[in-house]
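Under our numbering, think of the first position of the sequence shown as 1, with each following residue one higher.
Keep in mind that the hints were calculated from the coordinates and are not lab data. Glycine included, each C-beta is placed from N, C-alpha and C at the ideal position. A portion of the hints provided could be inaccurate.
As the list claims (entries may be wrong) - With beta-carbon atoms standing in for the labels, derived distance ranges:
no.	residue 1	residue 2	range
1	Pro771	Ser445	36 to 46 Å
2	Glu385	Phe58	36 to 46 Å
3	Leu206	Ala347	19 to 29 Å
4	Thr602	Met397	39 to 49 Å
5	Glu719	Ile392	26 to 36 Å
6	Gly442	Asp67	14 to 24 Å
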Amino acid sequence: MKRLKLVMIGNGMAGVRTLEELLKLSDELYDITVFGAEPHTNYNRILLSPVLAGEQTFEDIVLNDLDWYLDHHIKLLLNRKVVEIDRIRRRVIAEDGSEAEYDRLLIATGSTPFILPIPGKDLQGVIGYRDIADTQAMIDTAKTHTHAVVIGGGLLGLEAANGLKLRGMDVTVVHIGEWLLERQLDQTSGQLLQSALESRGLKFRLCEQTQALIDAGNGRVGSVQFKNGEIIPADLVVMAAGIRPNTELAERAGLPCNRGILVNDTLQTFDPRIYAIGECANHRGIAYGLVAPLFEQAKVCANHLAQLGFARYQGSVTSTKLKVTGIDLFSAGDFMGGDGTETITLADPIGGVYKKLVIKDDVLVGACLYGDTADGGWYFRQIREQQAIGEIRDHLMFGENALGDVGHQGQDKAMSMADTAEVCGCNGVCKGTIVKAIQEQGLFSVDEVKKHTKAASSCGSCAGLVEQILINTVGGAADVKPKSEKAICACSDLNHGQIRQAIRDQHLLTIAGTMSYLNWRTPNGCATCRPALNYYLISTWPGEARDDPQSRLINERAHANIQKDGTYSVVPRMWGGVTNPSELRRIADVADKYQVPMVKVTGGQRIDLLGIRKEDLPGVWKDLDMPSGHAYGKSIRTVKTCVGSEFCRFGTQNSTQLGIELEHDLFNMWSPHKVKLAVSGCPRNCSEAGIKDVGIIGVDSGWEMYIGGNGGIKTEVAEFFVKLKTAEEVREYNGAFLQLYREEAFYLERTVHYLQRVGMEHVKKAVLEDPQRRKALNERLQFSLSFEQDPWQQRLAEPQLKKEFESIPVKQLEVPA
1 MKRLKLVMIG NGMAGVRTLE ELLKLSDELY DITVFGAEPH TNYNRILLSP
51 VLAGEQTFED IVLNDLDWYL DHHIKLLLNR KVVEIDRIRR RVIAEDGSEA
101 EYDRLLIATG STPFILPIPG KDLQGVIGYR DIADTQAMID TAKTHTHAVV
151 IGGGLLGLEA ANGLKLRGMD VTVVHIGEWL LERQLDQTSG QLLQSALESR
201 GLKFRLCEQT QALIDAGNGR VGSVQFKNGE IIPADLVVMA AGIRPNTELA
251 ERAGLPCNRG ILVNDTLQTF DPRIYAIGEC ANHRGIAYGL VAPLFEQAKV
301 CANHLAQLGF ARYQGSVTST KLKVTGIDLF SAGDFMGGDG TETITLADPI
351 GGVYKKLVIK DDVLVGACLY GDTADGGWYF RQIREQQAIG EIRDHLMFGE
401 NALGDVGHQG QDKAMSMADT AEVCGCNGVC KGTIVKAIQE QGLFSVDEVK
451 KHTKAASSCG SCAGLVEQIL INTVGGAADV KPKSEKAICA CSDLNHGQIR
501 QAIRDQHLLT IAGTMSYLNW RTPNGCATCR PALNYYLIST WPGEARDDPQ
551 SRLINERAHA NIQKDGTYSV VPRMWGGVTN PSELRRIADV ADKYQVPMVK
601 VTGGQRIDLL GIRKEDLPGV WKDLDMPSGH AYGKSIRTVK TCVGSEFCRF
651 GTQNSTQLGI ELEHDLFNMW SPHKVKLAVS GCPRNCSEAG IKDVGIIGVD
701 SGWEMYIGGN GGIKTEVAEF FVKLKTAEEV REYNGAFLQL YREEAFYLER
751 TVHYLQRVGM EHVKKAVLED PQRRKALNER LQFSLSFEQD PWQQRLAEPQ
801 LKKEFESIPV KQLEVPA
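Work the whole structure out from these sequences, hints included.
So this is what it looks like as structure tokens:
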């Protein structure tokens, strides 16, 4: 079959995304030619600001390099500005005379910056802000000049101003509106943003009109004159007063245009052979400037180019999530409000938090968030899905986490999300797509996820959520930025090490007190920082700091593992994997009584009862009359054993007995992450001790101890630590190592990653070479454990805690294992 000819004018994000979607559907239908006016391949224009600020380089923001075009047999013509579309002969002609014939034409010419029609607009030093050339011009100017004026207080203007300030320039933002970002924020949040930016050194002139740009005498701009006659110095003027759809080429070709190239629901223009997409297109009266709707258009356009023809683009409900100089902002829907609407607001100017929710007819129709945007995605889903909020109205302002079990379903926000929940609004990527790519493609870094799914590859605001999903999916194998370098969350700039140090040095005992002392941005913290702070407090000051159940993850609050259908699994403890007929009968009776749909032996030599309703949990625990197996917590899990010398003809040591003793030693131990042990009676290693956090292997002369193993997706083999003669020594050294880990590891850091961070020599020096410190570590561990109780028995003994399981209904959830 002869290939058709597809020509694309423009090489930006929307156009290339259309080609990517098309190639997924059909890579043999077209010979593709792309004309790009710039000398560069496709790059992420949203990330020009980090380049200006010096945080990234141009190479960091390239989306599709030359190899991508070659691999897909796309003819790429760079530095070729198309000047004519000949619709009769179906060809396009570039400025240099080169041309290409088409069967289908895709116009993706984007937009152009609006340059104020004022005297001096053509002076040297007056630029727009749309591409990498503008960005480089600003970087170069900042090296030799002092004063910059940015005209426009929208997102582009503020990003330009921030970048120039970081480059050392004195920056004034001139804005005709009453407040900044008036299209994304209401007046209150706009004023909060202005105050925060002023504290960072930026200057603002609001409600000002620029009358003229004045020549410094050498053909370069030297100052800006306002309508009131006032003049301020300006060596550089950045026009960021808006954009206009780039329709010049389409208009010359006779295509109907009105604030954009008019397109229908299939992104076709008046000429059905010609499509238009992105900022240059006008669909149902709207020319979208956000990347998310442009990528939605790309899927539909690709569907029709592939001759499938069933998709329709019907417009987009948009949301805006921004980050300006470290300040989080979010808005969606009709956040300004109007006739027939009511408004709920929460304002804490000192704490830097402002929330505004707009409701109409019992439906959330708009949201504006400043400072704390963690629930922005959840609010956006409520707006888009038009769900009635009557039942949750009392908790609506406090976000998803305020709804009890609906908001805290696991390690973090990512774990609570259903597979169908959207993670990346820019690219329309759902959680399930990300998880599937991670599992099937063997992805271990956020960059790999970006490459395979496009999630977090545009504005980047969802990168943290993508990282959480990655960690939840591959656990400790995730290749993420070390926590020693990363802020604990958006609530604070402090990293885990700094926070642990402050808790220790200042004798901090409560979450509220810690947040107050460390100047937390968000007064009540978030689902990321609260569990970490809770662990740091109770592990640093056992017996003094009180455990806060509401700051624990849902599994640890319910003391059972939540499953994807909202039920729970219960794993009773069997010391060292050893059980007896009485326990087995009780387990069988419980399975019958509570109609447990599955009873399964785990890899850790325990019995798992799956499918238990939350309200049945206390009854299950009572009837089992066995200790909690802690299979749900960041805690000691199991000590796996082989039968050892008691029965095995190869066994050299009594591994079963040592395993039971170790498990008793560590019972109720909370830790930065889950901890698994194994004891093998001989080097045949039937208990898989070589891939445990602590593995003990019996040899003829005693025991060998290994640490830092991990049996997850990316298996980590434990490292040899020490050879010991007696079981008592093993228990001593094991306790000392795990207490060192508890005191020094960061929350959610497995032992293998703790070892990679601090080094084996550090651990050996503390545990092997210093008997006094080894003794002290063991004493601190036992002191800490002396305050802990079996959580199942505690819940049964305290009626107010038991009541929790009777009052909270089970919801349908999707949580990764």
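Here is how each hint holds up against the structure:
1. Taking the beta carbon of each, Pro771 and Ser445 are about 42 Å apart, inside 36 to 46 Å as hinted.
2. The supplied range of 36 to 46 Å is met by Glu385 and Phe58, whose beta-carbon atoms lie about 39 Å from each other.
3. The hinted window of 19 to 29 Å between Leu206 and Ala347 holds, with their beta carbons roughly 21 Å apart.
4. The supplied range of 39 to 49 Å is met by Thr602 and Met397, whose beta-carbon atoms lie about 41 Å from each other.
5. As the Cβ distance of Glu719 to Ile392 is approximately 50 Å, the hint placing it in 26 to 36 Å is violated.
6. For Gly442 and Asp67, the Cβ-Cβ distance of about 21 Å falls inside the hinted range of 14 to 24 Å, so the restraint holds.
Violated hints amount to a single one, hint 5; each of the other numbered hints is respected by the structure.
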